[in-house]
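Undergrad: The residues making up each chain are set out below.
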Amino acid sequence: MKNRVAIIGHGAIKIGKYPDRAESELAMEVIRLALEDANISKEQIDGLFTTPDLLGNIGLQTNQLCEYMRITPKLMAEVCCGAIAGGLAIRHAMNEITLGRIHTAVCYGAERESSIGWFKDFGSETGSTMLEPVALQPYGSRGVIWAYALSARHYMHETGAQEEHFALAAVRNRSNAMDNPLAAFTAPITMEEVMKSRQLSSPLKLLDSAASLDGAAAVVVASEEFAQKVCDKPVYITGWGQYHDNSCFVPTDGCSKSLSSFVSTKQAAEEAFKTANITPDDVDVAEIYAPFSPHELMIPEDIGWFNKGGMITAIEKGDTEIGGKIPINTDGGLLSRGHPWAVTPFYETIAIVKQLRGEAGKNQVDGARIGLMHCEGGMLNNALVIILKTD
Amino acid sequence: MISEKPNFLWPTNIDHAATKEFWEGLQRRQFLVKKCHRCGEIFFPPRSHCPHCLGNDLEWVELNGKGTLHSWTEVNIAGPEFDTPFLLGLVDLPQGIGRIVAKIVEAEAHQLKIGMPVKIIYADVHKDLSLYRITIDQ
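Keeping their order, the protein sequence lines are chains A and B.
Taking this note's numbering, I'd label the letters of the first sequence as residues 1 to 391.
Taking this note's numbering, I'd label the letters of the second sequence as residues 392 to 529.
For the record, the hints were derived by calculation from the structure and aren't laboratory data.
Possibly wrong hints are sitting among the right ones.
[As the list claims (entries may be wrong)] Once the Cα atoms are required to be at most 25 Å apart in a straight line, the calculated BS3-like pairs of lysine-lysine come out as:
1) A:K308 - B:K504
2) B:K504 - B:K426
3) A:K196 - B:K504
4) A:K266 - A:K325
5) B:K457 - B:K504
6) B:K457 - B:K411
Can you make the complete structure from the sequences, with help from the hints?
TA: Written out as structure tokens, the structure reads:
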């Protein structure tokens, strides 16, 4: 990519429940942290891009924040496209910077899922109207867990994976989260505890599942020229891929579509590797978007680190742990970090930025130079992959 | 056991021009899908436009409701309108329309096997609404 763009600062709060704080307050907190980290002033914010605040300020949250923070950005946008929104906000900033319209942008998201969120109340009408009326609304449970469960069972059928393999991924994530100050769940867990946890939608159990929680995170994005003036260690965005594969777990375009390998993930990853001019093996550390533990196995296979079913032995051998072939979700992943859905891609990006700057503490991957961030929106049919790199 | 819960949600498109006939078909024990006059595509769920050629000159055709079980789950977490647990299946329909999801009835989890033959049956859940279910095709 020419006209390189860098991430020069980050800020985030610990994921959890913030019933007595407004989204704008959480947003201001993380933007301040990100500006301090980037060592720039609020007057230097040219662009302000955020994730959807669908139930809160009907698209006016950036306007509100400008007033709250007394800032005057040249460009603003609220980017909405399912749970990849955080990644697309960064994309929007990158485009505007590449076009030369602005030098810096703050991309942020603030969500209070536990109070006013989309999935907070399974009884609310909002959770079901996203489903196809004829095919899904009256039959399925609300939310999406049943679809991931159907996918998990078919993966087991195809590859011989056992529920214990999924549990191992949950344990790996928890072990990593224990040293992440931003993670919601930090108490140690064992494979037996995952296996004995309450069944939610077989074969998925409580500890195989991500919790929808409150969170807020921000990153400062800048042109290479600006980044080199203010930042010792800019983290450059060097690769990008996005792909939408029409229908998802319930394909309406035939019966040949796999439930355990995803065209969108493969295509997005391939495009990202191509634009970054690297191969999967060049990646030192990765964050993948797996709201349920079985997808901690499927997605690394689709990205290209393992063959189909190869994650079964990889998770047993520790290939995705810190020090392994490809350390994945070194900050706990969605399962243990917690999952404020549209903000999650920011948390993933921040985890990679910290790794590449050598700030990941006990979870530091030695010598990490190239990182990959994967996120998805919809039901594994809309994937986004970003490659980040330090010089 | 008689439940006080409805165990269904009202579909949001029950009165829409493009889908009304589908819901009426279920009351008559017919599983109706759409066929495009312009390109011949048969598709489901029923919508106003053909997903293949985007034409909107469509007719209804009836499927025989036979398929194979592609995957299944026992659901323990659902909206307050539903009793849990219940079984949910994903079914490959052989007549070219892709997959459907529905509750599996008259079967236990231990009887279910990926690839087994299943068929669509019908349930009157309200005087104005019938839904499709799936069951093992003996």
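Undergrad: If a hint holds in the structure, say so; if it doesn't, say that too.
TA: Okay, the hints, checked on the actual structure:
no.	hint	verdict
1	A:K308 - B:K504	holds, 22 Å
2	B:K504 - B:K426	violated, 31 Å
3	A:K196 - B:K504	holds, 24 Å
4	A:K266 - A:K325	holds, 20 Å
5	B:K457 - B:K504	holds, 16 Å
6	B:K457 - B:K411	holds, 23 Å
In terms of the numbered hints stated before, the structure departs from hint 2 and from no other.
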